[in-house]
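*Asks:* Start counting the sequence shown at 57; every next residue gets the next number (our numbering).
A hint or two may mislead.
Below, simulated SDA-like cross-link-like pairs (lysine to any residue); rule was C-alpha separation at most 25 Å, straight line [as the list claims (entries may be wrong)]:
#, residue 1, residue 2
1, K130, R77
2, K167, T102
3, K167, L145
Read the hints as simulated data drawn from the structure, not as lab findings. Since the structure is predicted, the reported quantities are computational estimates derived from the model, not experimental observations.
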Amino acid sequence: MADSERLSAPGCWAAFTSYWRTRKGFLLLAEIILCLVILICFSASTSGYSSLSVIEMILAAAFFAIYMCNLHTKMPFINWPWSDFFRTLIAAVLYLITSIFVLVERRNASKITAGALGLFATLLFGYDAYFTFPLRQPRHTAAPTDPTDGPV
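Please take these sequences and the hints and turn them into a complete structure.
*Replies:* Shown next as C-alpha cells:
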C-alpha cells in the first residue's frame with residue numbers, strides 16, 4: 057500500500073525523505089503538522105479541547121514511523137489498512153464535532169482559528185480515510201481453474 061511508491065532507502069533520514077514524498081507519507085506529515093498548529097491554537101485559548109489534537113498527533117506520528125520503517129510488513133497480525141482507516145475516520149468525525157462546538161462558542165480569535173483549522177483537519181482526515189479505505193485497494197485476481205487436460 058504505502059511502500060509501492062517508495063524508493064529503497066538505507067538510512068533513517070533517507071527513509072524519512074523517501075517516505076514523506078509518497079501520498080500517504082505526505083498526508084500523515086500534514087496531519088502531524090496540522091494537529092500541532094491546532095494544539096497551539098487551543099493552548100493559547102483553553103486547554104479543554106487540546107487532548108484531541110495531542111492524541112491524533114501521536115497516532116499520526118506512530119503510523120508515520122510504522123509505515124516509514126516498514127514495520128507494518130513485520131507485524132502481519134495487525135490489519136494496518138483497517139486500523140489506519142478507522143483512525144482517520146474517527147479523527148474526522150471528532151474534529152468535526154469539536155470544531156462545531158468551538159465555532160459556536162466564539163470566545164476569542166485563537167479559538168475561532170482552531171475551529172477553522174479543525175474543519176480543515178476534518179477534510180484532511182476524511183480524504184485520508186477515503187484514500188486508505190481497504191475495499192478501494194486493488195485486489196489480486198484469482199487464477200483460472202480450467203482443466204489443463206483438454207476438453208472433457
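*Asks:* The structure should be examined with respect to each hint, and the outcome stated for every one.
*Replies:* We went through each hint and held it up to the structure:
1. K130 <-> R77: holds, 22 Å
2. K167 <-> T102: Status holds; Cα separation ~8 Å.
3. K167 <-> L145: holds, 23 Å
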